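S.K.: The primary structure of each chain is shown beneath.
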Amino acid sequence: MVSPILLIAVPLGLAFAIPVLGLASKRVPRYVPVIAMLFNLVVSVSLLPHALKAPIVVRTAGWAPPYSIHLVAGPLGVLLSSLIALIGLLVAVYGIDYIREGAKVKYQILYILMLVGATGVVLTGDIFNLFVFFEVLCISSYALVAYRGDSTGVEAGAKYLIQGAIGSGLVLIGIGLVYGTFGTLTMADIAANVSSVGSFRLFVSLAFLITGFGVEAAIFPLNGWLPDAHSSAPSSISAILSGIAIKAGLYAIARVVYTVYGASSILPFLAVLGIVTLLIGEMCAFGQEDIKRLLAFSSIGQMGLILFALALASATGISGAVFLIVSHGLAKALLFLASGYMIYRTGSRDISSLNGIGKRMPIMSLCFTVGAFSLIGLPPFVGFASKFTIVRAVLGTGSTFFITLLAIGLIGTVIEGAYFLRIVQGFYFKPAPEDSPEQTEGKVPFSALVPVGLLAVLILTIGLFPGIVGRVLGPAADDLLDRTAYVQHVMGD
Amino acid sequence: MSPQAILITAFAGAGLVFLAGKVHSHLRDFLAVLSSLALVGLIAWSHGQYGPDNEIVYVPDFLGMELALRLNPLAWFFAIYIAIINAASVVFSLSYMKGKEKLGFYYSMMLLVNAGMLGIVLSGDFLSFYIFWEIMSWSTYLLISYRRGPALHAGMKYIIMSLVGSCAMLVGILSLYAQFGTLQIAELGEAIAGSSSGYVLFILMAMGIAFGVKFAILPLHTWMPDAHSEAVSPFSAVLSGVLVRMGMYGFLLVMYSIVGLKTILNLGAGFFNFHYILSWLGAITIVIPTFIALLQNDAKKLLAWHGIGQGGYMILGMAFGTSLGVAGGIFHTINHGSYIALLFLVVGAVEYRTGGVRDLNRLGGLIQRMPVAFFGCLVGIMGLIGMPLTNGFVSKWFIYKTLITEGHPFLAFMAFVGTWGTILSVYKLLHNMFLGQLPEKYKEVRKAPISMQIPILFFCFVIFLFGVLPGIPLRAIQGIQDTMGFAPLQLTMWGLASGAGALNMLNICFAIVIAFAVVLLLMRLGAKPRRVPQEDSYAAGSSVPAGKYHHSVEFYNPLYQMISPYLKDRVDQFYYWAADKAQGVFELTRRIYTGYAGTYVLYIISFLALLIFLQLAWEIW
Amino acid sequence: MSFLSSYIHYIGCFSLILIGLYVVLVKPNLIKVIIGINLMGTGVNLFLVTVGYIHAGTAPIFSEAAQQPEGMVDPVPQALVLTAIVIGVAVLALALSLAIRVYDHYGTLDLRKIKALRW
Amino acid sequence: MTGIIQIVLSPLIAFVVGVLFLGLARKIIARVHRRYGPPIYQPVIDVVRMMSQRSISHGALFELGVVLALAGSLVTVMLIPLGGTEAFQPFAHSVLCPLSSSGGLLVVMYLMLFGPLGLALGAGASANPNASIGVSRKMLLALAYEVPFLLVILAVMSQYGSISLTEIVARQQQASWGVLSVPLSAVAAFLILPAMLGIRPFDLVTAPQEIASGPLAEYGGTCLALITVQKAIHLFVVIALFVDLFLGGGVNLATFLVKMLAVFLAVEMINAVLPRVKIEDAIKFCWKWPTALAFVQMTITVLSK
Amino acid sequence: MDRNQIAKWLKSPAKMANKYSLHAVYFCTGCGIIEIPPVITTRWDAERFGIIPVATPRQGNLFMITGYVSLKTLKAIIRTYEQMPDPKYTVGFGSCPINGGMYWDSYNTIKHLDRYIPVDGWIAGCMPRPEAVFIAITHLWTLIDKGKADGYLRYQENYAAYRRNQEMLFAELEWPPLYPCDSIAEEARK
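Chains as they are written, first to last, in the working numbering: chain A, 1 to 493; chain B, 1 to 621; chain C, 1 to 119; chain D, 1 to 305; chain E, 1 to 190.
Hints were generated in silico from the structure; no laboratory data involved. As the structure is a prediction and not an experimental result, all values here were calculated from the model. Certain hints may be false.
[Said to hold, decoys possible] Derived EDC-like pairs: lysine to aspartate or glutamate, alpha-carbon spacing no greater than 16 angstroms straight-line:
| hint | chain 1 | residue 1 | chain 2 | residue 2 |
| --- | --- | --- | --- | --- |
| 1 | E | 75 | E | 145 |
| 2 | D | 278 | D | 210 |
| 3 | B | 447 | B | 351 |
| 4 | A | 430 | B | 101 |
| 5 | B | 443 | B | 569 |
| 6 | B | 528 | E | 86 |
| 7 | A | 359 | B | 101 |
| 8 | D | 27 | E | 45 |
| 9 | E | 8 | E | 174 |
| 10 | C | 115 | A | 150 |
| 11 | C | 113 | C | 64 |
| 12 | E | 11 | E | 145 |
| 13 | E | 75 | B | 536 |
| 14 | B | 98 | B | 351 |
| 15 | B | 262 | B | 536 |
| 16 | A | 443 | A | 150 |
| 17 | D | 305 | B | 101 |
| 18 | E | 15 | E | 105 |
| 19 | B | 528 | D | 63 |
Sequences are here, hints too, so could you generate the full structure?
M.R.: Right under this line is the structure:
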């Protein structure tokens with residue numbers, strides 16, 4: 001068994017080696033992210049069977065928790081790190097030819113850093129470490145959003161940065177409060193001691209943490225940055241941001257709420273929040289004319305649904321949420337990647353300019369369609385399986401409150417269907433705009449077709465055989481739900 | 001033949017045709033026809049092979065559930081009906097679609113819709129039912145949009161309503177799962193027996209919304225006229241003939257296979273009985289759409305509104321829960337499938353030959369140019385009206401008799417009035433397309449190609465066959481009813497044998513044939529008339545040059561002026577109003593994202609404050 | 001000890017945080033906002049340090065002057081603060097560079113006018 | 001055997017009586033108009049004359065429409081019980097109704113469609129504008145009178161709890177006539193009788209002065225002769241139906257015919273004195289009074305059941 | 001009905017029926033039509049002879065031209081006549097159809113109707129009284145009996161001549177010849 005720490009160390013090392021490698025050859029740095037993520041993918045997947053048996057706890061510096069900074073590679077963590085590595089790999093392949101301007105070396109470094117940050121977030125067992133990885137993720141994404149240096153990118157980056165900085169400040173305050181209360185930063189240790197402390201003090205720290213992580217997780221009133229950042233970033237970065245980064249935030253919230261605090265009575269509030277986020281996201285997406293902005297708002301909606309499912313506090317619910325994280329990650333990455341080349345081809349991000357693209361870019365638009373169908377939740381694509389699990393979980397709870405929320409949430413699904421299908425319709429059945437410039441740079445290279453096609457195939461395959469992911473979902477849900485087991489594993493007996 | 005083989009053939013056909021479309025057009029056409037005919041053959045061959053041998057778990061573990069297929073009389077009946085109409089449409093498409101773009105897509109989607117529908121009827125559990133249902137929904141959506149222009153709007157309308165329906169169905173299905181821990185249709189039937197009537201009602205409502213949207217029961221019907229009139233004609237035939245009737249299948253499945261006859265009939269009290277309310281919905285669905293159809297001038301829209309209206313008869317028959325009524329409902333389903341498909345094909349043929357004209361005010365006199373199409377249209381409208389000798393008559397007779405003997409003359413009245421609305425509007429269809437004067441520009445119209453004539457004549461044959469010998473399909477329906485626990489009917493090959501209220505189609509057929517012969521003989525006795533061209537027509541002594549006037553415009557103008565103010569599609573208007581308002585709300589919601597960073601920060605801080613406030617006020621943790 | 005004297009550090013650092021937030025909230029100038037963020041960051045860092053602070057404690061180093069851990073301030077927050085400062089510097093640097101690019105593109109630093117992306 | 005005799009007999013009776021009624025109608029109207037009037041067999045002469053004339057045809061459907069109409073009417077007759085048993089004691093059937101077990105009143109209602117539909121088809125094939133207008137009027141008028149007529153029929157059917165005409169007749173003979181047990185329906189039915197027969201004030205379908213006799217505009221010769229016969233049989237069918245539904249049918253053919261004659265005379269009196277209405281007014285009339293009456297009666301019937 | 005009648009009926013029902021069922025197309029060209037209402041209504045009651053007006057020429061067998069015939073009307077008269085089914089009888093009513101009557105010198109009125117369509121009988125007078133109509137009808141019965149009311153046959157026989165006459169008046173007719181013959185226009189084309 002390889003150590004999960006390699007998941008962080010190797011890519012980090014590779015990232016910082018890029019400038020050096022860049023001296024040797026100009027072409028090599030382009031492939032470094034691919035290599036790094038391929039490594040991560042192989043390691044994560046190979047870790048999966050072990051993690052399923054029992055969470056792997058890596059203690060740094062030879063100290064036992066609670067004194068050490070350690071990684072906890074539970075089923076959930078490894079599943080998510082596999083997802084990160086998978087999407088990271090595919091997007092890295094896509095990025096080889098997609099990134100055409102600017103300082104490519106910096107892009108590669110930041111790209112790896114971002115993914116390392118995300119991997120760290122899902123693997124760490126220490127709350128401050130969580131913050132640090134979070135910052136790695138955030139700062140690199142601020143930079144990547146503004147990577148193109150055009151006006152919208154810079155503007156979005158600046159706004160993202162302002163909100164992100166506030167968010168991380170709040171997280172830090174929360175961590176300070178936690179530390180002040182418990183004198184420890186190990187999540188398992190805190191979890192073990194939570195019940196011993198008066199609730200309001202604890203709640204304040206929880207509130208700070210939720211708000212802080214919520215900014216990155218794009219929960220409803222905290223997501224002002226998201227549409228800007230996701231729509232202005234290069235498409236490959238948008239794919240990562242939507243597919244992975246915001247999930248990391250949500251993971252952090254789930255970890256904090258479930259494992260650290262065990263705050264089950266706050267969950268109905270989160271459920272409401274999730275549904276509100278879902279509705280707001282879908283409603284805002286409905287009127288969008290900019291395809292990437294639309295996809296960004298759709299991400300907000302999906303995050304709401306995931307949050308809602310997480311808040312169900314049942315094994316099925318959390319399985320559904322994790323499943324939706326996977327399926328949304330795949331689908332949204334696919335959509336952003338596909339739209340990237342469509343935007344190159346048409347030279348515009350207007351949805352109307354994409355009309356009739358089905359003829360000019362058949363494979364890309366077919367894949368886009370697959371992704372869109374999956375997001376709406378149409379069988380036999382993976383989105384259906386995940387939404388199905390969520391609905392099943394809600395009805396399994398048998399609580400009127402949740403069922404009512406679900407009914408409202410399903411309206412969001414319908415709205416989502418409406419705008420996605422409108423786009424798909426435009427692709428195939430609307431005539432191309434008269435004055436559409438035929439951009440020669442829009443020729444889709446092989447390096448873009450492969451990841452997009454692979455994502456579509458994955459969506460279809462997992463949709464047909466949800467057991468592929470399904471086996472991991474149960475343990476992953478337990479990982480979140482079962483606090484005592486977590487504490488036991490980390491702290492040792 | 002196992003249901004799995006049928007489904008594999010269906011889906012493989014769809015895939016192969018798409019690939020073949022990339023290779024060669026003839027190969028594509030050949031494959032499409034071959035696979036749709038092969039399906040008919042396979043299903044026909046599997047007749048009677050019911051029982052445990054044909055219950056197959058094809059995915060043992062889909063998120064912890066089994067996906068199963070099974071074949072039983074109900075499934076087989078609907079499967080053959082789907083396959084036949086689809087095959088006819090595919091054959092019809094050969095010449096109708098010739099030279100159009102994206103044919104590979106078109107054919108594969110036709111077959112995919114077909115496969116989805118077969119999947120629905122063959123699925124042995126609700127999860128696969130839902131999956132196939134959705135596959136059918138989105139492939140239908142793509143096919144409706146195929147024609148572009150206004151079709152896009154129709155497609156959107158369809159898919160949005162369909163999504164609403166599927167959400168409701170998903171809730172219903174999963175509620176069943178949560179309640180009983182299984183989705184196997186066979187097991188659910190036993191499991192649900194003990195549950196409260198409130199729960200059963202909830203399930204029926206949730207499912208009913210989905211089925212009602214597909215079935216176009218009145219408040220949920222608004223997608224149908226647009227979708228039908230905008231789809232290409234062969235697909236309209238499938239859409240109106242079978243796809244919409246999947247709702248019927250769903251109702252039958254849920255109401256009688258699962259919930260069970262006794263529970264259904266005792267659901268609610270007095271006037272507010274479930275099946276009674278459903279019947280009233282059915283009755284309203286008959287009357288209003290039929291009269292709206294009367295006002296239409298677009299041939300396909302007219303037929304589409306009839307598709308809705310005829311659905312009301314099926315609901316009426318089915319909701320009553322008597323042997324006769326349910327038999328009538330099911331029989332009417334296939335009958336409607338046969339003649340509405342026929343009529344859509346005829347309109348398609350006319351459209352094909354006249355260059356896409358469907359406006360009834362611009363056609364006329366085509367009987368001289370397209371006799372086969374005319375014959376098809378005549379038979380079709382006779383079926384739609386329910387003239388004796390056609391199958392539509394028998395099923396309507398069943399339904400009427402149920403209504404009268406069950407003591408619901410008001411429902412019967414609505415059904416009858418609907419029939420009269422039908423007569424008026426379909427005669428207008430026939431008259432304005434085929435009768436009256438032939439406009440000059442259609443003088444050169446040729447008759448429909450052979451690949452169009454074959455399906456048309458086939459359906460004509462079916463209509464008459466089932467009309468004269470209704471025992472053929474009714475035997476099969478009897479088989480279905482046996483599985484649902486209905487008392488058997490006293491069927492004969494030619495109708496119903498039960499005393500004074502019997503029906504003997506063969507007698508009527510003989511009587512009509514003899515009367516026909518006698519009258520023809522009388523005709524021969526008289527002087528033989530002289531054939532004159534249509535210009536030689538009485539016009540108060542003047543000779544009106546051909547093409548100078550055309551009179552089939554605004555056929556029912558007096559009535560139109562009287563009733564059109566009352567027959568607006570208010571539901572549709574309401575939906576549009578609601579959609580408009582919703583978009584307004586969406587636009588307002590978007591304004592949350594002001595673009596000013598300070599606002600966003602304010603949101604963050606307010607959120608934090610809200611959390612703490614909530615804790616202080618209500619102790620949420 | 002009075003309330004004030006025992007909580008004066010907390011009051012101080014939270015005032016700093018609030019001032020920072022106020023600036024971010026109210027000032028439309030991007031540079032001022034960045035300053036606000038930094039103020040807030042400073043406040044947070046101070047807060048973290050304060051958490052581990054013991055009145056009249058010594059540095060957490062086992063030296064001759066201080067042999068007992070009881071009298072030492074908690075070292076962990078200090079380590080945290082070090083990290084946080086580093087992060088803060090990174091953010092600040094990025095923010096300022098973004099501010100420059102924003103000014104290049106928009107010719108202003110007034111966030112109220114930099115609203116190309118909205119709705 | 002008796003069945004075959006009945007099958008031959010009942011259309012024959014319908015033909016003879018119907019044609020005579022046509023002649024009688026002309027005679028009655030003439031007398032009301034203080035004219036002498038044609039001989040009562042004048043329609044026979046007309047039919048023979050038309051048969052001898054060599055008219056035109058606008059295609060096969062032009063003639064087939066007529067055949068369809070007449071055949072439909074002939075079959076309809078076979079479904080209607082023409083009086084009871086006594087006069088036909090040798091026959092096994094108790095009622096002169098050859099197709100009594102073939103669907104009952106519902107089939108009658110549909111078979112009555114053949115007439116209008118056949119004529120409409122033929123007229124449509126003639127490509128004459130007047131014919132089209134006439135057909136349109138015919139359809140609208142049918143819609144107008146069918147609404148009350150359906151209510152009437154349904155009231156009768158629910159009153160006697162059967163869809164079979166023979167049964168309805170039998171029960172009327174046992175108990176009270178329809179005109180007594182469902183009186184408002186009877187009135188409504190009588191009010192729409194002229195519309196069903198297409199006579200004044202509802203002769204707007206074949207209005208000769210306005211639309212050159214509408215659907216018949218292009219018909220002459222044999223076809224017109226058959227149409228006249230069809231008209232006669234239709235007249236017979238409608239009046240027989242009225243007698244069966246409300247006047248208890250007949251104990252035997254003779255009483256049946258007498259009742260028919262009574263109804264017919266009453267209707268012809270209306271025909272003789274009233275002018276023609278517009279189609280809009282016809283619809284309004286039919287949907288107002290007869291419908292209201294029939295509706296009230298049906299409600300009463302349903303509630304009292 | 002005497003025995004003689006019955007024998008006639010049995011011998012040739014068609015002829016007898018035609019005789020007693022004269023369905024008339026009154027072509028109301030001029031003042032003559034004013035005498036027709038009394039004929040068909042209460043005072044004289046033509047219906048007792050089986051004579052009723054019909055709406056279209058398709059249904060009739062008696063064609064009565066009741067007044068002067070202008071050029072324009074003549075076209076309609078020819079058309080109407082040709083649309084009537086055989087056998088059909090034409091009666092000119094009043095002096096105008098016979099020789100132009102008081103319009104004898106009008107440039108726009110034809111003088112001899114029987115040059116354009118065959119006429120089986122004339123009712124002279126300006127105006128003829130209703131009684132004259134009945135006299136004409138009884139005369140027509142005799143002609144039918146004797147087989148002399150054969151206008152429609154003559155029209156068929158001499159169609160070429162009639163058509164020529166018609167076309168001389170109207171240069172070109174809008175409808176094709178009723179019976180096969182070469183019209184002037186076609187001849188000219190040859």
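S.K.: Which earlier hints turn out false for this structure, listed by number in ascending order?
M.R.: 1, 5, 9, 11, 15, 16, 17, 18
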